[in-house]
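J.: In order, the protein sequences belong to chains H and E.
To convert, count from 1 in the first sequence and add 2; that's our numbering.
To convert, count from 1 in the second sequence and add 12; that's our numbering.
Accuracy of the hints is not assured; some may be wrong.
Chain H is faced by these chain E residues, among others (derived, beta-carbon under 7 angstroms) [stated by the list, open to error]:
hint : residue
1    : Asp28
2    : Gly30
3    : Asn53
4    : Pro85
5    : Asp91
6    : Ile131
7    : Val135
8    : Tyr137
9    : Ser139
In case anyone wonders, no lab produced these hints; they're calculated from the structure.
All figures in this text were calculated on a predicted structure; none of them were measured in a lab.
Even glycine gets a Cβ: it sits at the ideal position worked out from N, Cα and C.
Here's the letter readout for the chains.
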Amino acid sequence: MPFTNSTFARSSLLMLLVGGVVLVAIVLSSFFLARTTQVYFQDVVKLRELRSAAADMQLFLRAAESGQRGFVLTQDAEFLKPYTTASAVIPRLRERLKTSAANLGGMQVPFAELDPLIDDKLAEMQSTVEMVQKGNAVGAIEVIRGAYGRQLMEGITAILGKLLRDMDGRIGTGIDDLNDSASALQWITIGGGLMIILVIGGAILIVGQHVRELQRARSEVEELNAGLEERVNERSEDLIQANREIQRYAYIVSHDLRAPLVNIMGFTSELETMLKSIRTYVLADGTPLSESEVNEARVAVEEDLPEAIAFIRSSTKKMDGLINAILKISRDGRRELKPERIDLGALLEATAASVYHQVSEAGGEVNISVGQARGLITDRFSMEQIFGNLFDNAVKYKHPDRPLNLSVKAMAIGRAGIRIEVADNGRGIAPEDHERVFELFRRSGVQDQQGEGIGLAHVRSLVRNLGGEITVTSTMGGGTTFVIRLPADLSQYVRSNGS
Amino acid sequence: MKAAGKEVTIVMIEDDEGHARLIEKNVRRAGVNNEIVPFTNGNAALDFILGADRSGNSNQDRHLLILLDLNLPDMSGIDILEKVKSNPHSKRLPVVILTTTDDEREIQRCYDLGANVYITKPVDYDSFAHAIRQLGLFFAVMQIPGQ
Numbered sequence: 003m004p005f006t007n008s009t010f011a012r013s014s015l016l017m018l019l020v021g022g023v024v025l026v027a028i029v030l031s032s033f034f035l036a037r038t039t040q041v042y043f044q045d046v047v048k049l050r051e052l053r054s055a056a057a058d059m060q061l062f063l064r065a066a067e068s069g070q071r072g073f074v075l076t077q078d079a080e081f082l083k084p085y086t087t088a089s090a091v092i093p094r095l096r097e098r099l100k101t102s103a104a105n106l107g108g109m110q111v112p113f114a115e116l117d118p119l120i121d122d123k124l125a126e127m128q129s130t131v132e133m134v135q136k137g138n139a140v141g142a143i144e145v146i147r148g149a150y151g152r153q154l155m156e157g158i159t160a161i162l163g164k165l166l167r168d169m170d171g172r173i174g175t176g177i178d179d180l181n182d183s184a185s186a187l188q189w190i191t192i193g194g195g196l197m198i199i200l201v202i203g204g205a206i207l208i209v210g211q212h213v214r215e216l217q218r219a220r221s222e223v224e225e226l227n228a229g230l231e232e233r234v235n236e237r238s239e240d241l242i243q244a245n246r247e248i249q250r251y252a253y254i255v256s257h258d259l260r261a262p263l264v265n266i267m268g269f270t271s272e273l274e275t276m277l278k279s280i281r282t283y284v285l286a287d288g289t290p291l292s293e294s295e296v297n298e299a300r301v302a303v304e305e306d307l308p309e310a311i312a313f314i315r316s317s318t319k320k321m322d323g324l325i326n327a328i329l330k331i332s333r334d335g336r337r338e339l340k341p342e343r344i345d346l347g348a349l350l351e352a353t354a355a356s357v358y359h360q361v362s363e364a365g366g367e368v369n370i371s372v373g374q375a376r377g378l379i380t381d382r383f384s385m386e387q388i389f390g391n392l393f394d395n396a397v398k399y400k401h402p403d404r405p406l407n408l409s410v411k412a413m414a415i416g417r418a419g420i421r422i423e424v425a426d427n428g429r430g431i432a433p434e435d436h437e438r439v440f441e442l443f444r445r446s447g448v449q450d451q452q453g454e455g456i457g458l459a460h461v462r463s464l465v466r467n468l469g470g471e472i473t474v475t476s477t478m479g480g481g482t483t484f485v486i487r488l489p490a491d492l493s494q495y496v497r498s499n500g501s
Numbered sequence: 013m014k015a016a017g018k019e020v021t022i023v024m025i026e027d028d029e030g031h032a033r034l035i036e037k038n039v040r041r042a043g044v045n046n047e048i049v050p051f052t053n054g055n056a057a058l059d060f061i062l063g064a065d066r067s068g069n070s071n072q073d074r075h076l077l078i079l080l081d082l083n084l085p086d087m088s089g090i091d092i093l094e095k096v097k098s099n100p101h102s103k104r105l106p107v108v109i110l111t112t113t114d115d116e117r118e119i120q121r122c123y124d125l126g127a128n129v130y131i132t133k134p135v136d137y138d139s140f141a142h143a144i145r146q147l148g149l150f151f152a153v154m155q156i157p158g159q
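Extracted from the complex, chain H is given alone in its bound form (with noise of 0.2 angstroms):
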């Protein structure tokens, strides 16, 4: 599995922290921004009191003037009720603009002029007002008309005036700030949301590639267990046959042994019988014998004996046979194997030469073609035996109405596997036989050959060591087709199952 467990919890790991750390980054300048604003928006706040302090400053000294003033033209008490209101309100005026240009700090009012400027203000439009309701009216007109007050007036508006120009700059600028920290608010929520939207993206896409991968991993689990049972069940098959065939081994061996120690043990016994005719005979000792009991000696030593003698070293001959094949076969068995990269042509070449002379002398013919199968790792030895036992059987059990014609066909079935057929236009093989032609010490159809009924046996033993399996199909007097399947590769069958 390429994308590993470790893997995936790094990663989504690192998106958790990347969305975390982007989350806070959110909040934090979200919470600086917003204070930022409300300072801003205090500062504007404070300035525009200060700004409205100051206008109302300015309105109000100019309604308290044009007050004393229609007083002292008309003497008319009605135009001092507006001078009599403005002046009273006027000293809170002052507080009021002391008290907002002390909050904003470093605002510099000119109070210094200003206050001087103002009090002397009040005080001409105070004494003027006075002069006018004591009768000295043209006296109050002098005055004003002196130009003092007009000066005072426009010193105050000029200083006013240019504090209410600060003013609207400053709140300009102010809300300008204010503009721009509410924008960078929005862009960096809005920032903040694609990385999360991103983040999210990125940690499902992970998350969704992973489980695509415990999906895979988990099928591929599954096709492994399916995979296991039915090798196990091959396996149980292949024990289940590989026992069969062991005891039918050992029923056709104690079978096979048995028939020449009855041999043995009956002629042994014969002799005995014989040796009393004999000991008649030989130990009468001048008595007179009759004419059976001669005659019965004379084919005792004659006929009986040599017979006897005759049986009893045929049996112990063919046990020594028997036992010679069983060892052979299992001495076969027990070898060990040597794979090597066997070029199959060639072998089967080799090993078609030594049968080529009879075959070719009686106008049959040989082919061999291995097309694909070339490269085949196995034991050479096994290969030279299994196919040396075929092409003799061939050539032993051909047609006797036609020559011989052998071919040998051998292809790829899959990357692990190779089969090879040897066919035959023999004499065939009944269909009762099939199987028991691999058997020990069994033979099939009629018997003018020499033989003892192992080499198809050993040919099947050898085929399973390599880790195959050999089949026959034939028809009588039609000819036999052998099917040999072998693993391609010897060695990697021996490591994969273990044997």
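Starting from the known structure of chain H, arrange chain E on it as the hints suggest.
T.: Structure of chain E alone, referenced to chain H:
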């Protein structure tokens, strides 16, 4: 041992010549003097019993008793039994299975196929000789069907 007034021929199918000889000796000792025709493989025996064409027509005028071993080099004795018992001309021939096998299923199979007697060859020669002699005595009294 006669059938319809004629001598019965004993066909002995036994691949081991030593066994064949021992059987013959002991059958003779039981006083059976019928002709014994030995065969060491199944094909030759079938050629004799059913004829080279396996039709069984050759049995028109003979009376046979078959002594059959199950383990033969070229074919199974069971195949021979089956062929003999499925041929209308030879199905009544008495078949005595005389073999080393004492496998229960094998015995059942032979009787299912129509074997008349099944005898397991004892390994011990005294028992072997005894069994064959008993069989010879049995031959002496048994009735063989005429065709």
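J.: Now tell me, hint by hint, if it's right for this structure.
T.: Verification of the supplied hints:
no.: 1; hint: Asp28; result: 5 angstroms, holds
no.: 2; hint: Gly30; result: 3 angstroms, holds
no.: 3; hint: Asn53; result: 5 angstroms, holds
no.: 4; hint: Pro85; result: 5 angstroms, holds
no.: 5; hint: Asp91; result: 6 angstroms, holds
no.: 6; hint: Ile131; result: 13 angstroms, violated
no.: 7; hint: Val135; result: 6 angstroms, holds
no.: 8; hint: Tyr137; result: 4 angstroms, holds
no.: 9; hint: Ser139; result: 10 angstroms, violated
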